[in-house]
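Trainee: Got chain Y; can you put chain A on it based on the hints?
As given, the protein sequences belong to chains Y and A, one line each in that order.
The numbering of the first sequence is the working numbering, which starts it at 1 and goes up by one.
The numbering of the second sequence is the working numbering, which starts it at 1 and goes up by one.
Each hint should be verified, as a subset may be incorrect.
[Unchecked claim] Calculated pairs, BS3-like style, for lysine-lysine (alpha carbon to alpha carbon, straight line, at most 27 Å):
| id | chain 1 | residue 1 | chain 2 | residue 2 |
| --- | --- | --- | --- | --- |
| 1 | Y | Lys51 | A | Lys162 |
| 2 | A | Lys192 | Y | Lys52 |
| 3 | Y | Lys52 | A | Lys159 |
It is worth saying that the hints were derived from the structure and are not from the lab.
Here are the chains, one letter per residue:
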Amino acid sequence: MVKYELNPLTASDIKFSDMRSAYGDSLVNLGKKYPNIVCVGGDTTDSLKTKKFGEKFPDRLFNVGIAEANLVSIAAGLAIAGKVSFASTYAAFIPGRCLDQIRNAICYPNLDVKIVVSHAGLSVGPDGASHQQIEDISIMRSLPNMRVLVPADAISVKKLLEKIVHIPGPFYVRLARPSTEEIYSEESNFEIGKGTIIKDGNDISLFSCGTMVSASLKASDIMKKDHNISCRVVDIYSVKPIDSELIYKCTKETGSLASVEEHNIVGGLGSAISEVTSEICPTFVRKIGIRDRYGESARDEEIDSLLDKYGLSPGEIVKNVVALKKSEKK
Amino acid sequence: MKWSGGHDNSEGSDDDMYKINRYLKLKEKLKELRTIALTGIAEAGSGHPGASFSAAEIMGCLYFQIMNNDLKHPHNPNRDYFINSKAHSAPGYYATLSLVGSFPKEEIKTLRKLNSRLQGHPVRYSEMQKHHSVPGIEYSGGSEGIGLSVSIGICLANKLDKRDNMVYCLLGDGETNEGQIWEASMAAAKFKLNNLIAILDRNKIQQDGFTEEIMPIDPVKEKWLSFNWEVVEINGHKIEQLIPELLRRPTDKPKIIIANTVKGNGIKHMANNPQWHGKAPSKKHLPLLVRELEGEYLISPSIIAGADGISEESLEQKIVTAERHGADMIHLDVMDGNFVPNSTFFFDTIKKLRDRTKLPFDAHLMIQNPASVLDQYIDAGCDIITVHAETCGNEQEFERINFKLVSSGVSPGLAVNPGTELPGWIFSHLDNLDVIIIMSVNPGFAGQKFIPEVLPKMKKVIPLLREQGFKGYFEADGGIDQSTITQCFDAGCRIFVMGNAVFGHSDVDKRIRETRFLLDSYLEKSLLDESQSLNLEEDWIKGRRNIIEQFNLSR
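Pulled out of the complex, with its shape left as it was, chain Y reads as follows (with noise of 0.2 Å):
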């Protein structure tokens, strides 16, 4: 079950939580579980909290320093040897820097690495467009083996990296740098290649992953009260596989669709939705996110803003969906 739909948004009930802290736990977790685990880091085990799990286990957690084509292909060794092998920096350098190596040494063989990377999209702040990566659903995506999850809160991060842990192959888990409101409960339940209706509606159905669920949700809200559209949130936390059966089912019961992602609009979620929807139900696809430019830096108490200069603040979706409406109606 959904938290949200349990408790209705008020100020005081928004809870926080951030997903790298989850991610650190987790992984200590699973180890103490599963001892064929191990870490590989890249001079960001404090920042990826992926040093919770060297600490707990000094000789599982392999700080490679600051060199990401070694690092993914070094985790691709021990899964070669029989591990299954996290391999975590910021989202800017894996892949930015190592697609070759996750294609050829992860992807091709299907080895059992889970790359977990941390601080992408816009939301990083202050250090700027370098290190605000939003082309890496996209870049991930297009690999074959590959499977890219987006979470969107700390619950979610959890219990998705229960279940992948089963999974023999590559993973791309995509988490955010800022702490997120918690949209789920312990008793919420995740599945590959799935995606969730957290909030139903009739008139449209926003697709949504990771940062930009919540932001998603408070958009619906706004224009429940303001123009008394009903508007269904889903989501995609699974981007590939993506969840076709669900978005075809909402393409029958809502009509038009929207997507919201805090990625390039070239290649992400809403390309991936489009994959779907062009080939099996034909609709509008209305794309919300970055329009293809680079980002800038932000305080963190001016990331809302930032967001909202991108196009991605609550009150930007709502002016995308209502002029998506208008052009239906004519």
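Mentor: The following block gives chain A in isolation, referenced to the frame of chain Y:
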């Protein structure tokens, strides 16, 4: 000393622990490896003969003698790993795997073709990829510079699981242009991976030309030393140099073997020629190239020859001289003054001489009752031990000797005097025989004249034995000099014992070079004749002329 049968973990071992198992058998297999690889490339019409041939000995030694790899259980956690980072050596790699039973040798003809298991670059073997790979392949290569990092991952896992298996990683020299190699180099040193041996195939050629022109990597030894690796430098085509270094584990850091090699080694117009980095020979030429590979020969100087006698000092001196000037082996004529009318030296002398050279010891026992002292000669470090049919008595006696030699890792040989026919029982032992000597003098003294009647005998016996499946070597011994050597070559001999023809002259270097030139020219001529009979003469000369000219220049 007995062959240790794999890498050794004990401390303080001496050189005896790192012996080659059946030197001549290994040479024979390496020849087959090159033939299979070349067949695959010619059939495919593309591929990389250069890298396949520069790394042939490295891959062959690893798979045929060093690694513990059971292809029936390709994912046995205790296996040794081979990571072929320079994956464009695929044809050579596949040939190696076919020779250890990964797949039928005939299948090499599917190389690089549609629906083949033998992809242009090797693919890691798994249930998912079983239609695009063959058992034994651990790593999907093709993109340069990644394999060393992958090897590190495997080493870390092996250490974590407290397994002492080794990881061998083959690197190309051009490949080390990639920055990731140096990321990996740093990491391997950090993690003190003494379960990792990298082998750098230093053939000095990359796709666009010579490495030192495209992107200089020298001083390569110093680079790896400064990255805190154990570094050794050897000739990567000499198995007697490769095997001990592949077996000797590093103590507390990773080790790299800089194997100086010749790209395209084995085919004269490909050797050290950047044009043949990634070019396939024409299928029409294949019979000629195979014939060239079959023409590989070994020079085995006999150190009893020469005017300076057989004092230990003089023997030692001759060994050092022979090695310096490019001999392939050292021929040791052991005479007891009983079976032959002269006495030379025995196992104790051989034992003392053993550490003077890495060259294989080719011992020829001209003694009565060799079985009774066989252990001492094995223990003295002989790589090849040839006994006389006349001294074996009967088949059972030979069988006992043969069994002992084979199980001790010594290449077994059988010799007959000019007047002796090969015993009939030899035909049931051809698989376990590595060399046959048809003597062309009556043994006893150095400097005798070649007995011409032996040639028709060779020409009768050698094809017969080949027909019966003998794959080993024929060794010409007795009166071999520049006037007789090509006739013996023509008859099928590929090992040449030379005594006074080498040591009877002051300039040993010149004598060995002249001998090689003579044999090379003879082979060249016979290839040309063959090309005529195949109606390929013009084509062959065109593809080969430059090289022949180089020959003449280098004289």
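Trainee: For every hint, state whether the structure bears it out.
Mentor: Quick rundown of the hints versus the structure:
1. Between Lys51 (chain Y) and Lys162 (chain A) the CA atoms are separated by roughly 23 Å; this keeps the pair inside 27 Å, and the hint holds.
2. Restraint check for Lys192 (chain A) and Lys52 (chain Y): satisfied, since their Cα atoms lie roughly 24 Å apart, inside the 27 Å limit.
3. With a CA separation close to 22 Å, the supplied pair Lys52 (chain Y) and Lys159 (chain A) stays within the 27 Å bound.
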